[in-house]
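Undergrad: The primary structure of each chain is shown beneath.
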Amino acid sequence: MNKFKTMAPESRRVLYAIAAAVALFLLGQAVHPGFLGLASVESILVIASFVGLVAAGQCFVILIGGIDLSVPWVLNAGAIVLTTTSLGLESRAPIAIVAALAMGIVVGAINGAGVAIFGIPAVVMTLAMNGIIEGLVLGLTGGFTCSACSSYAPPFVQALAHDSLLGVPDALLLWLVVIVLVTLALNITRFGRATYALGNNPRAAVLAGIDARGMTIMLYAASGFFAALAGILLVGFGGQASLGMGDPYLFTSIAAVVIGGVNILGGRGHYLGVAAGAVSLTVLVSVLLALNMPDYVRSIAYGVVILGLLLAYGRERET
Amino acid sequence: MQPDTTADALPRGNRLGHLIAQNIGLILAGAILLIAIVAFILIYGIEQQRLPGNFELTSTVNSAVPLAFAAVGQCFVVLTKGIDLSVGGVVDLANAMAAVTMGKSLTSGLVWSVVILMVGAACGLVNGLLVALGRLQPIVVTLGTLSIYQGLAIRVLPEPGGAIPPSFTNFLVNPNAPYALIFIVLLALAWSAFRRSRAGVDLYAIGNDEAAARALGVNILRTKIIAYMLDGTLAAAAGLFLAASATAGDATTGNSYTLSSIVAVVLGGVSLFGGRGSAIGAIAGALITTLIVNILFFGHVNPLFQSFYEGVFLLIAVVVGGVIGGTIRRRPK
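Chains as they are written, first to last, in this note's numbering: chain A, 1 to 319; chain B, 1001 to 1333.
No lab work stands behind these hints: they were computed from the structure. Some hints could be false.
[Said to hold, decoys possible] Computed from the model, here is a short list of chain B residues facing chain A with C-beta under 8 Å: (1) Val1141; (2) Ile1148; (3) Ile1154; (4) Gly1299; (5) Phe1308; (6) Gly1311.
[Said to hold, decoys possible] Negatives, chain A to chain B, calculated, CB over 10 Å: (7) Met7; (8) Leu27; (9) Val31; (10) Ala109; (11) Ser150; (12) Leu176; (13) Thr189; (14) Ala208.
[Stated by the list, open to error] Stretches of chain A that chain B covers, calculated by requiring three or more beta carbons in the stretch to come under 8 Å of a beta carbon on chain B: (15) 119-131; (16) 162-169; (17) 177-186; (18) 247-257; (19) 305-313.
All values reported here derive from a predicted model rather than from experimental measurement. Ideal Cβ placement from N, Cα and C applies to all residues, glycine included.
Work the whole structure out from these sequences, hints included.
TA: Structure (structure tokens):
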């Protein structure tokens, strides 16, 4: 207990976020027996992994005090690039995956360049980018009416989203790898220390010799990468790309980051908390679905729980 | 941000320069608006072989009014260094309530309008309390309340429908003449009065430096709550205008106002970092946004590409505005 008291507040918030996720699981079991069954938990975690991947990128940019509002259409573009490049053929899967991820990285890097080099506020840059990608995707595919647009994801990608390895779904394994990699990158590498330094005090970070521009571009590129990756997995999960499939991920990814205990102004927080946040939000939706709640109750409960969790542990120190 | 020296401390010749530097955002917004108007008239003239007339003016004004109100609301909060993502939810809620409650007569329409505006103010009060008392960041507070207000709107009006009294529509957005301009002018006048009030001065003080404002005795709690309540009220007004021009309700059409109100505010030269800009700029931003849609329409741009051009335009406007503004501010005195 003593150790708990001496913990850094942001580490404590990771524990709170995990506790919230566990509590929501237990609540689910209480109101809907069978909720904690293996199959049910597995499917919830797989869906949480999509949110968690997008939130990984969102977490990177929020840690430096930015935000990525271009997530919905980068995700959607990732999905459509994958299907139209692969045309559903297994042989074209590798090039399609590379193309989709490269698209995400390039778009993200442009976001980063707009923020870091042209000094455009992140909200404006990524909001405009979301519109630009939306317009390009809709225009170039004729509003998803092109003949290649109805292609399915290649079998490999579908398997990635549906199959299991040693009883653990592949998508979940992929997310676990990402959790480990992102946590390590943020906590023990120079890259991670530079990220936190930039988020805490950009000026001091630059004076300490950190390449603020390069870092910013890299972090936004990472966000684009993760959005595209989530798009690939989602299209594997659903089979085909659909219009607006990325829309729910904008606010959900931001919510996962903040209830995961990351400071929205940057500099403080851990990805482990964000992963727990992604699980919490998905469990919440599943509980409400299991209870057959109408849409409006789900929407209201979603907002109330986010605010409740934030009020419980996300408040700023008294000034 | 460097504190600005007051005009009196400068030599006489520099006062005009100082005035320009102080209002550069507004001046640029005015310039963009002018360019947008000229571009619209040119494209319309080339396409239709005549100048835009009463009908085009009326439809442009009527579609700009809801956004102008939402943008001015957003502007209040942005000036405090906040942001309101729940604007769309409040617009939805007002829109849905209007369609369900108003019935057939103008009187009931007006009475319910007052109630709906008060509901909007209450939504803003919740945001303001959570931000100022709850010590939560505005972006996450309004993210949560957006979901709540949207849920309430769907509860009020699960399916698009309901009805708005035709007399109420004629009163707010007369389809035959651009009378709705009166509301924009009233909004601008109300802003000018507010800007000179105690709350208006405090608003800018908080946006520029909250700690300094607190030290000078500004009531942060009260001022922030006022800003969020005005924001909620104006978002509800936007919902009323939207319902009036659609003559029916839909609990989801307002969603887009969250982001478009931010775009209008940015185009209007209001700084997202707080303390700089004015609601007049936000109104100009709303008109620019509406005109761009019209320009793309009459320019026969494939509507599927519309958001592409809007995004590109937003970036160009912000970059060019930033460069011009920066050059003028940095000019040696």
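Undergrad: Which numbered hints does this structure break?
TA: 4, 16, 17
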